[in-house]
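Protein chains: 2
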Amino acid sequence: MPLSGIRILDLTRIISGPYCTALLADLGAEVLKVESPASGDPVREQGVIREGISWYFANYNRNKKSIAIDLYSDAGKALLARLVPACDVIIENYRPGVMEKMGFGPERLKALRPDIIHCSISGFGDTGPYRERPAFDFVAQAMSGFMSLNGAEEDPPLRAGPPISDLVAGLYGALGVMAALLRRGQTGRGDSVSVSLLNSMISMLSFHASNFLASGMVPSRSGNDHGIVAPYGLFRTRDGQVAIAPSNDGVYHKLLDAIGLSQLRESPEFITNAQRMARRQEIKAIIEARTSTQSSEYWIQRLNEFGVPCGPVLGLSEVFEDPQVQDQEMVITVDHPGHGDVRMLGFPIKFAEAPSSCRLPAPELGADTQSVLASVGVSAAEIEQLRQTGVISAPCINA
Amino acid sequence: MPLSGIRILDLTRIISGPYCTALLADLGAEVLKVESPASGDPVREQGVIREGISWYFANYNRNKKSIAIDLYSDAGKALLARLVPACDVIIENYRPGVMEKMGFGPERLKALRPDIIHCSISGFGDTGPYRERPAFDFVAQAMSGFMSLNGAEEDPPLRAGPPISDLVAGLYGALGVMAALLRRGQTGRGDSVSVSLLNSMISMLSFHASNFLASGMVPSRSGNDHGIVAPYGLFRTRDGQVAIAPSNDGVYHKLLDAIGLSQLRESPEFITNAQRMARRQEIKAIIEARTSTQSSEYWIQRLNEFGVPCGPVLGLSEVFEDPQVQDQEMVITVDHPGHGDVRMLGFPIKFAEAPSSCRLPAPELGADTQSVLASVGVSAAEIEQLRQTGVISAPCINA
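Heads up: the sequence lines are chains F and B, in that order. Counting in the numbering used here, the first sequence runs from 1 upward without gaps. Counting in the numbering used here, the second sequence runs from 1 upward without gaps.
Rather than coming from a laboratory, the hints here were simulated on the basis of the structure. C-beta atoms are modelled at their ideal positions from N, C-alpha and C, and glycine is treated no differently. Just so you know, not all the hints are guaranteed correct.
Stated by the list, open to error - In silico DMTMM-like pairs for lysine to aspartate or glutamate, Cα to Cα no more than 25 Å straight-line:
hint	chain 1	residue 1	chain 2	residue 2
1	F	Lys-110	B	Glu-132
2	F	Lys-254	B	Glu-132
3	F	Lys-101	B	Glu-132
Unchecked claim - If you want the ones that stay clear, here's a sample from chain F, every Cβ over 12 Å from chain B, calculated:
hint	residue
4	Ala-78
5	Ala-81
6	Arg-82
7	Ala-86
8	Gly-97
9	Glu-100
10	Arg-108
11	Val-331
12	Gly-338
13	Val-376
Just chain F, with the same shape it has in the complex (with noise of 0.2 Å):
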């Protein structure tokens, strides 16, 4: 496994910081994950319940290692102190600050770990006026830009449904820790990496905030039209919609052919995209006249013998019965003893050599206490005493 030997230390919760460790955990690290030994990841209660586990908590922590321990007492930050030097890197969704607050500021895990790669997963970075603010990925939409251009022109704007800027934060936060890893390998020293929600979220902007910063023409929702090509969008069928995106002349061309209106390329309106983006509403309706005749599956056959990019708009029902995506296996499934099987996302990374795979079903909160902190030489008497004290929970595994 590309990660096999990397030890995480993973102080994160709910949803960004969980994705970036799971995505690392996945990759093969060592994931150990540090819950409060009252309740752990507030993620463990939410979501569907089945046979007493959440299937989002156990999607969202396969491949890791929990160990509960109360970080808010002195005993516990103890332990920390004692973990730190065993870990390659540290990652937490702390706000800015906390860190250092809890005396584990950037010189103090350097002094446990000269080597040791941190990463912050925030809202809106380390510095600047918002830093300490509470953040969430709603608000991280809404102040991206990203919303604005999300849905009609005539609605307001609309956040995505999935929670993207937790998920997108989490992916850059797993290639920021990769790519301290390389250069750890190049030169032996560690790094701090910090990735925010609100940052993550702007560099999805893409073209729209390049055509905005060219222009200074802020751009408009265009729903389910593109931005600046046409015909594109949802198509009538007799029976739905496919969704058509002929992205330039050659591929618009193919759209014609198979459709039967190869005529229509010499069609002096229609000829270039900027016409055809002028008279969008037109085009739309003649090539709905044809679509409209025969049935969504009929057309999406026909356009992609043609070579016209176009699919169904599928609810979720439908997307994991799709035979392309159980080929690719993007639904998993995975005993979890004691709650059963529990169905979750597939690895959509795909490796020849070192595929991914479920290792480790989501632990139970604080399975892995003991053996853990027994790794680091913490004694079972002094795990004993910890447990009774309440700063660490750890089911008696040989009891």
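Given the structure of chain F, go ahead and fit chain B onto it with the hints provided.
Same frame as chain F, now just chain B:
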């Protein structure tokens, strides 16, 4: 830099692949962008052009070198075979099978460079019934179920404004390449990495997927409301609206305190999130009766003081003027000789020791053909002949 000394042969075009290689270039890799001599990456002509350069192209192709080779010609393919041994990584976004048809299947690549890392970015993945279909961001958004979750319940499924399936696939591609580089560092072996637009978007379904898989209940679109949390969403103020995201009971209580409705904590019909979900419109109206008495600015300051995640919904002109965004340098200005200053998105991953920077502006088509070919042993006479036969395009820099 984390990827100093890593050379990447970049056969990608448009956006998912170029974003992947831009991420790696920003981390220090030497990226050799191979383009067709005739016109190069189509994005050179897309988006707003200023002083002869597309700012969209400039954004996604910074820190890269351009070599213009006609890969349809045998002589061009022969040049590619001379470049592969000098590169650590080859990244392409052809449809699966095209590399084989070009004569560069896995066996050949491995023969040319035994520890090569090959990354393929495609619409649907290397296997499965749709593997050869043409793909496009919109189609992946439609087929992944993402659109079924985006939009208001009463409206049709909606594409996200920015091309997020391209971008997320690019992120996974970069992550996969870095993972393979880390593994190569340990084992000396290369790997083959494959990511797809569809799988990338499916991986973004998050708790919607977990909840569906656990319950069989197909989630509905919830617009700006949260699928499983209330109150949550956009709330009217005296002069606009504010996004407020109280993710749990604790933050809900802080919100009530901030808006002077602490007594509502005890209100028996609003104790639990489930109760508030059932009376979502009612609780929203109660809150808006307060928020509508003051300005957005007032509430953003006050709610943040109370620890309630919130923020304004910003358009792009406001985003790039925002003091936090400026502090985080999420817009940078890069001098492009002959085209003036180009403003573009900054770097979302911040490193303390090895920060990203723009070392090279986006290259002119073929600007580096000559120097790169010379570096792999192609003689000046050969280069001149290849230029005259149109196999390469290489501006005479010293002419």
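Taking C-beta pairs only, is F:Arg-82 more than 12 Å away from all of chain B?
-> With a cut-off of 12 Å, F:Arg-82 remains clear of chain B, as the shortest Cβ separation is near 25 Å.
Is the Cβ of F:Ala-86 farther than 12 Å from every Cβ of chain B?
-> holds (19 Å)
Taking the closest pair, is the beta carbon of F:Glu-100 still more than 12 Å from chain B?
-> holds (14 Å)
Is the straight-line distance between the alpha-carbon of F:Lys-110 and that of B:Glu-132 25 Å or less?
-> Not OK: F:Lys-110 and B:Glu-132 at ~50 Å, beyond 25 Å, violated.
Would the least Cβ to Cβ distance between F:Gly-97 and chain B come out above 12 Å?
-> Holds, since 14 Å exceeds 12 Å.
Separation of F:Ala-78 from chain B, once the least beta-carbon distance is taken, above 12 Å | At roughly 26 Å from the nearest Cβ of chain B, F:Ala-78 sits farther out than 12 Å, so the non-interface label holds.
Taking 12 Å as the cut and beta carbons as the points, is F:Ala-81 off the interface with chain B?
-> At roughly 21 Å from the nearest Cβ of chain B, F:Ala-81 sits farther out than 12 Å, so the non-interface label holds.
Does the no-contact call for F:Val-331 survive, Cβ to all of chain B over 12 Å?
-> violated (7 Å)
With d taken as the least Cβ-Cβ distance between F:Gly-338 and chain B, does d exceed 12 Å?
-> About 16 Å separates F:Gly-338 from the closest Cβ of chain B, which puts it past 12 Å; holds.
Given hint B:Glu-132 paired with F:Lys-254 - CA-CA distance at most 25 Å | holds (16 Å)
Verify that the Cβ of F:Arg-108 lies farther than 12 Å from every Cβ atom of chain B, and report whether the claim holds or is violated.
-> holds (15 Å)
Pairwise hint evaluation, B:Glu-132 against F:Lys-101, where the allowed Cα distance is 25 Å at most = violated (54 Å)
Consistency note: the structure conflicts with the earlier hints numbered 1, 3, 11.
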